[in-house]
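**Q** What follows is each chain in one-letter form.
Number of protein chains: 2
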Amino acid sequence: MHRKYTRHADREESTAGGSPTLDKISEFTVRRLSTYYRILFQLEQKGETTVSSARLAELCGVTSAQVRKDLSYFGNFGTRGLGYQVDDLKHAIAGILGLHEQWTMALFGAGSLGHALFFHDGFRDDGFYFTHVFDVDPMKIGKKWRGIEIRPVSAARSVLSETPVQIGVVATPEDSAQEVADMLAELGVQGILNFAPRQIQVPNNVRLRNVNLAMALESLSFFLSS
Amino acid sequence: MHRKYTRHADREESTAGGSPTLDKISEFTVRRLSTYYRILFQLEQKGETTVSSARLAELCGVTSAQVRKDLSYFGNFGTRGLGYQVDDLKHAIAGILGLHEQWTMALFGAGSLGHALFFHDGFRDDGFYFTHVFDVDPMKIGKKWRGIEIRPVSAARSVLSETPVQIGVVATPEDSAQEVADMLAELGVQGILNFAPRQIQVPNNVRLRNVNLAMALESLSFFLSS
DNA sequence: TAGATTGTTAATCGATTAACAATC
DNA sequence: TAGATTGTTAATCGATTAACAATC
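Taken in order, these protein sequences are the chains called A and B.
Sequential numbering of the first sequence, starting at -1, is according to the numbering used here.
Sequential numbering of the second sequence, starting at -1, is according to the numbering used here.
Treat the hints as calculated values from the structure; they're not laboratory data.
Among the clues, some could well be false.
To be verified - Computed footprint of chain B on chain A; a stretch qualifies when at least three of its residues, placed anywhere within it, have a C-beta under 8 Å from a C-beta of chain B: (1) 24 to 37; (2) 51 to 64; (3) 93 to 99; (4) 175 to 188.
Stated by the list, open to error - Going by beta-carbon spacing under 7 Å, a handful of chain A positions derived as facing chain B: (5) Phe117; (6) Val204; (7) Arg205; (8) Leu215; (9) Leu218; (10) Phe220.
What the hints assert, rightly or not - Using C-beta positions, here's what the derived DEER-type ranges look like: (11) A:Asn74 - B:Lys141: 46 to 56 Å; (12) A:Glu147 - B:Asp85: 24 to 34 Å; (13) A:Glu177 - B:Ser174: 37 to 47 Å; (14) B:Glu160 - A:Glu56: 35 to 45 Å; (15) A:Glu147 - B:Gly109: 21 to 31 Å; (16) A:Gly93 - B:Gly109: 51 to 61 Å; (17) A:Glu56 - B:Pro150: 29 to 39 Å; (18) A:Thr129 - B:Phe117: 22 to 32 Å; (19) A:Gly73 - B:Lys44: 24 to 34 Å.
Note that CB positions come from ideal geometry on N, CA and C, so glycine has one too.
Make a model of the complete structure from these sequences and hints.
**A** So, in structure tokens, the structure goes:
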């Protein structure tokens, strides 16, 4: 659909009937695309209309060759001699990252982390919407967040069968993370974003991303303690 | 101190008078050490006393060679034929990551993200303690979190000169992130953990880690939209 | 046209892995 | 001792970068 794999797709026959070899793109490239996107956003706000790979690279802390290489996997977005149109490139990257679509998400765990995620503006700006919130705490059940009622986890299976979501966000204590993940997988979510500090197992057809808040601090203290 | 660089340190003269070539260790290795640490913690809780590199690797989703190689940068922690003592290895990795030390942190931004970070147990378990909280919102200033009073950001400079911290945690709106970072750098913090979705600049003597909550979702939607 | 900058190739760099001698 | 598993080397793999022809 929105992807164009100039090099790979044109060269060799696309592997096994299916989507165009997504796996050729590394996690590194995807992460950098997120960064380019954010910086382009800021450049646009500042009123800049064009940007070179060198300038974009400088702002993102990478090399200009890296920027051009990353983009080249998806198409030709620039003009030789001139650089890139900020708005066009931003729009193109949004498309590549899937941010033109609307994503629905169910939140598990309405503790302080769940609360922070639910009200995090960055998600909605990107097209990610929480449509359900579940918790086990009777004190929380029944409350409403932006009009969405917090419901018991025990109701999740039937609720989500009725009105499915694409992504499950796990912000429960670590003990219940795997249980929740199992249910989400069974219900057919496409992806799980896990904030519980525990390795969770999911079947192959579910995409998993783990975010561990302590890890960044541990990396920091490693480099600080010397 | 707690580091032993068998290969590097023994081979070549340690570069320029200083700590033993920390820069030889990649960010990848450090991140995996965090994962090993967490898994070892869980193994210990389950009562397991020894573990092989193969088993540890399986639980962490890496290869056994990777595990042994990562550890080999810091010393010999295992016994040929037998594997590793769970408690010893866990303790050794904690030392490597600097988790035996106590780290003091100042939190900037007492919004819902700041709140979640402040009350995140994982940090204290690792030896990271918030000792100060700052915000600009008059509604929040004066409140206490676990006995710590939320103070105006304008007071941060004098407060932190008086009682310094090692790490600054930025959970402000993105507009003020750079200002806060500048002040923290000036006050001589060693590291900054930034949760604001904005690239911030810091001088070379300050270690910076950015955590962008949206990035994990964007990576997810990239792989889902096909 | 001359200067600038892309898209892409080939070279380099660094991280991962396979393999195995050392040794419990 | 025989079997298991480490620590380490050398081979492989993949990601980054330098360089440049294409071209605005």
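**Q** Next step is simple, just say for each hint if it's right about the structure.
**A** Hint-by-hint comparison with the structure:
1. 24 to 37: holds (count 9)
2. 51 to 64: holds (count 3)
3. 93 to 99: The restraint on the segment 93 to 99 of chain A holds, since 5 of its residues have a Cβ under 8 Å from chain B and three suffice.
4. 175 to 188: violated (count 1)
5. Phe117: 5 Å, holds
6. Val204: 10 Å, violated
7. Arg205: For A:Arg205, the interface hint holds, since the closest Cβ of chain B sits about 5 Å away, which is under 7 Å.
8. Leu215: For A:Leu215, the interface hint holds, since the closest Cβ of chain B sits about 5 Å away, which is under 7 Å.
9. Leu218: 4 Å, holds
10. Phe220: 5 Å, holds
11. A:Asn74 - B:Lys141: 46 to 56 Å: 54 Å, holds
12. A:Glu147 - B:Asp85: 24 to 34 Å: 46 Å, violated
13. A:Glu177 - B:Ser174: 37 to 47 Å: Holds: the Cβ-Cβ distance is about 39 Å, inside 37 to 47 Å.
14. B:Glu160 - A:Glu56: 35 to 45 Å: The hinted range 35 to 45 Å holds for B:Glu160 and A:Glu56, with Cβ atoms some 38 Å apart.
15. A:Glu147 - B:Gly109: 21 to 31 Å: 23 Å, holds
16. A:Gly93 - B:Gly109: 51 to 61 Å: The hinted range 51 to 61 Å is violated for A:Gly93 and B:Gly109, with Cβ atoms some 31 Å apart.
17. A:Glu56 - B:Pro150: 29 to 39 Å: 35 Å, holds
18. A:Thr129 - B:Phe117: 22 to 32 Å: 26 Å, holds
19. A:Gly73 - B:Lys44: 24 to 34 Å: 50 Å, violated
The earlier numbered hints that this structure contradicts are 4, 6, 12, 16, 19.
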